[in-house]
Amino acid sequence: MIQIKELHKSYRMGSNSLHVLKGINLDIKEGEFVSIMGSSGSGKSTLLNIIGMLDEADKGSYVLDNVPIKNLSEKKAAIYRNKFLGFIFQSFNLINYKDAAENVALPLYYQGISRKIRKEKALYYLEKVGLADWAHHLPSELSGGQKQRVAIARALASEPKVLLADEPTGALDTKTSYEVMDFLQGINDEGKTILVVTHEEDIAHMTKRIVMLKDGVIEQDKFVEQVRASEHV
Amino acid sequence: MKFIFTRDTWQEIFGTIRKNKLRTAITIIGVFWGILLFVGLQGAAKGMENGFDVTFKDLATNSIFLWGQQTGIPYGGYNRNRNIQLEISDTYRIANQIEGVQFVAPRNARGLFGGAAPLVVNDMKSENYKVFGDYPIIDNVSKKKLRKGRFLNQKDIKDSRKICVIGERVERELFEKDENPVGQYIKINNVYFQVVGVYKRNNTDFFEGDDSIFIPFTTFKKVFNTGNRIGWMVIAGYPEEDIVAIEEKTKELLKRRYTVHPNDERAFGAANFGEMFGKITGFVKGLKFTALIVGIATILAGVIAIGNILLITVKERTKEIGIRRALGAKPNEIRGQIILESVFLTLVAGLLGMTVGGLSLKLLNNFTKGLDFPFINPTVSLEYIGLAIAIMVILGTLIGLIPAQRAVSIRPIEALREE
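Chains as they are written, first to last, in full-length UniProt numbering: chain Y, 1 to 233; chain B, 1 to 419.
To be clear, the hints were calculated from the coordinates, so they are not data collected in a lab. Warning: the hint list may mix true and false statements.
[Claimed, not checked] With a Cα cut of at most 30 Å, we get these calculated DSS-like pairs of lysine-lysine:
id : chain 1 : residue 1 : chain 2 : residue 2
1  : B       : K330      : B       : K362
2  : B       : K162      : Y       : K119
3  : Y       : K116      : Y       : K175
4  : Y       : K128      : B       : K330
5  : Y       : K75       : B       : K330
6  : B       : K19       : Y       : K116
7  : Y       : K29       : Y       : K98
[Stated by the list, open to error] If you want the footprint, here are the derived chain Y segments under chain B, 3+ residues with CB under 8 Å:
id : stretch
8  : 8-14
9  : 72-78
10 : 123-130
11 : 197-203
Beta carbons are placed, not taken as given, at the ideal position from N, Cα and C, and that holds for glycine.
Chain B with its partners taken away, still in its complex shape (with noise of 0.2 Å):
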């Protein structure tokens, strides 16, 4: 093993190497593929898990959107096609009754899902935008960006107040430019409320988008008339549970509540934004997966081709291997020469790969950081270097024991004869 560390090994090899510029150059290229492409894949998937991750990053994952619709199967003395209308006190009960929930909101909404948007007057200024009746914790489950002054709270809720919190839209619209609309008043339905706060659109709303208006639950309620009733509701689970189940004991519970057909499922709409989300997570991971299977596949098939092409060289260099011998080279110092080559170059083309990869995730970060595309900081984790390097060295040995085997079994009386 000595002999790896000695500057004579290596000018030798350096010496061989540098004497053959373009046969190294297209001995290297496999490897420098392989791995260029092995950080690239991996960089890319990391980059899109990181863009999933920042993206999502705002809203609870594990959750369901659900609300009632008509029924579809005529049940206990029910026609179909019944309207559901839920209510909050389901809510309370889902909350109670159903395991691994971690909070339930009720919502409503005017101006979304058909209706009128209600008038909002500023002044002389007036616009129809959406409004909604929300409990603070809605924030949990997409967190609203304020740009000024704060969002609802459980004080609000209480005393009903007539706050509300507007989005940046609605600022531009019923506002002068240098106005700060924060502790001043607008209409809306005819009711004067004192605005609170300015919102950012963020990248997960769902339907607010930057032009709505928050107010509380409660002052909702009387303001709209709406009674105990909802328009939906928002289901979140703890993290670790399973939300497809509790979207089913949900629907369950309210069939039984609202003497609904077992298997009606016309009867509840709901989207499951925990089934979704365990799909792209799904995705990223299939992604990362399929990255280093391609990535080490291809090293594998570079590190073939520079064994390979070594072999060729070693039939190429036999005369020289010859003269080596007869000046004394024993079996092991050219076997290792050889396979020292082998490892040298496919080391060599590896990092050559690995640093273009990684100015080549740089460029693609940067060229993505403008646009609306999930990409982020796309990186390759230490551990998977450390992986492709040693698949580089082992593979690389292994491979050179072939041409090595070849070099030595060439007597050198056989070498030397050839002319």
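So here's chain Y without its partners, still in its complex pose (with noise of 0.2 Å):
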């Protein structure tokens, strides 16, 4: 699903230099739920961001099922992250002003789909969030973990290949984090591959691979026994 192969990034700050990926080799298959970890600084969100198109790499290549993601115009790295990737933020990036069912049919507005279906959609992904009774109020409205769960039906709503969550649990306390785990581990189970950046250890335990990210270098890659939320909520 993923293929990365010599993954090289940096920064300019000022007139330094900041070399952030030195060199990323990294290869995800469909279905996988990979956890990237690693303190901060060490380029997990950069690697994050370059595989969810929102950033571009210097040197190295990125495929995205089997589409090679290079020197792409802002039109179609627009329609290529509509197509195929869902985003969930550590902040949740719900837009305050639309109620759940809006935020969630956001993804649809942009692929053109009709309003009765995004409709349709944005209630039925709600609804499997177990958010239905919700749909109609505001972020503001919601609970942490509530939102949390509507950006993850709004990164399911567009049905991505991939789903890319950026320190998904990182504004949540322990508990509302194991629920939001839980939901990922049942979206992963019928197939759905998740990419996971956190750095919390019983978090990255709850996929079933831990990619450790050292100063712009893998450290390790090993997969793991998964650890089900749903034991611990």
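Please dock the two separately framed chains into a single complex, following the hints provided.
In structure tokens form, the structure reads like this:
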């Protein structure tokens, strides 16, 4: 699903250049549940942004679902993001003046899907995350866990190939974190490829594979015994 | 272009606007005000134009009043301060020899410009009134509004009939309330005249008011023994003729006829209504033009304000735009949305301004209706409304381009990083 070879990325900070990714090689197959770990500054968010086509690598190749991601125009990147990827952010990033259902339907709007189907799908995915009753509440009326579940529903709504989660539990307490992980595990069980960036050990162990990043290189890449979140809830 | 007409696009725009009511309100005030001014000024200018039109409707505006005075320069053996007395024959000369003259009407009057007003008697009632000796054509100079009966006609002139047309005040003062003066006889200067008409004061009379009496010019001549002398004359030019030139030529002709020094400015007095009217027309034109410029400039300022505020809000909405882009919004969709927001706000503000402007004009019209003020039916022509709308759409689009470009230049990753 994702093939990354010799990926380099550096940022220019004034006159200095900060080399963040120093040759990353990563191969993720369909249906995998991978967590990327590392201390802050290890380059894990940068890697996720490049995979998410929010940022572009300087060197190396990145193939997503057999499509090489290289020199994309803004428009093309937007289309690919919409088609291939679902995003889950640490700070949820819901649009605060749209209700839950409208937020979930937003990626579908950019796919050009008709209103009726958008609405149906939005409700379907809200139901899936257990928030059907909250469909017409604004984000400000939802708890952190609920917000993240709306965000998951939104990420799922466009039926992406890969879910990208950047510290999805970073802003949540342990109990809610596990609930969110439980959802992600359920989605993964249905065959969705999920990539999580986290710095929490327990969260990482709820995935099936841990990639440790340190100073811009992969230090360790191991498959782990998945801890089911439901056991801890 | 298709996306302009889809319901979803508008839903997104309405959503954004509805959720930011205060911002929206503040944004549109500028354009609202601009259009209000534009409509208000245009309407007011038009109202004044209409007002003047109505005021001068009954008036031969391209006309001169001309009379003889005293010479200022000794000439041809005559001393200065010689009285110039115009005669009836002068009117024929002017009518025949000066190009562009439509008609010339000689006039005589008693009780005007000094001199005692003749005594007019009906039974036991008597009063002094101004008496005019006129040709029927005087009606073309300043249209008389007849309330009863008729005005002078050519037959009255020919037969020197002893008939008269009296003003409303004369009727009020000499006759009983329920009495019809038409057909009755009154005594003017000890001569009986039959009343044939009663006129109402109009707003462009020069001397008549409503307390005057018109009698045929020829009759006047006999009653007041004026011979060939005339008090003054009205020279009317054809509407397209240059009335100032006519005045010049007329004076030249009269100077030759009365042996007056060519440079003598005092010998003949004249009041040029064409010239005055031209000034008023010019004033109204200038007013309209000023209103147009001020209006457009204000709209421009308003639209720029919208662009400005949108630019600020784009900065505020950086994160939202970032989210949208992460979720797959194409740059053109973001750009289009912002531009449409700009145009939509501009148009809403404009239409609001037009409505309020229209209502204010209506109020103003009602308010000035009873007043003696030349302001009637203030309207703004459709062309100007169209022009205003076109300006708003075009400027709204252009100004929207700036914040739109700013919005697309935000990279989604930067937008999302912002907390």
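Stated coverage of the stretch 72-78 of chain Y by chain B [criterion: 3+ residues, CB within 8 Å]: holds (count 3)
Measure nothing beyond the straight line between the CA atoms of K128 (chain Y) and K330 (chain B); if it is 30 Å or shorter, mark the hint as holding. OK: K128 (chain Y) and K330 (chain B) at ~28 Å, within 30 Å.
Hint check: K162 (chain B) vs K119 (chain Y), CA-CA at most 30 Å. Holds or violated? 95 Å, violated
Given the hint that K330 (chain B) pairs with K362 (chain B), test it: the Cα-Cα distance must not exceed 30 Å. Violated, at about 48 Å.
Holds or violated: K75 (chain Y) with K330 (chain B), Cα cutoff 30 Å? 5 Å, holds
Coverage claim, chain B over the stretch 8-14 of chain Y, checked by counting residues with Cβ within 8 Å (three needed): violated (count 0)
Given the hinted pair K19 (chain B) and K116 (chain Y), is their Cα-Cα distance within 30 Å? 23 Å, holds
Under 8 Å between beta-carbons, do enough residues of the stretch 123-130 of chain Y, three at least, approach chain B for the coverage claim to hold? With 0 residues in contact (Cβ-Cβ under 8 Å with chain B), the coverage given for the stretch 123-130 of chain Y is violated.
For the stretch 197-203 of chain Y, does the count of residues with a C-beta closer than 8 Å to a C-beta of chain B reach 3? violated (count 0)
Between K29 (chain Y) and K98 (chain Y), does the CA-CA distance stay at or below 30 Å? Violated - the C-alpha atoms of K98 (chain Y) and K29 (chain Y) are around 35 Å apart, more than 30 Å.
Pairwise hint evaluation, K175 (chain Y) against K116 (chain Y), where the allowed Cα distance is 30 Å at most: Not OK: K116 (chain Y) and K175 (chain Y) at ~36 Å, beyond 30 Å, violated.
Violation of the numbered hints given earlier is confined to hints 1, 2, 3, 7, 8, 10, 11; the remaining hints are satisfied by the structure.
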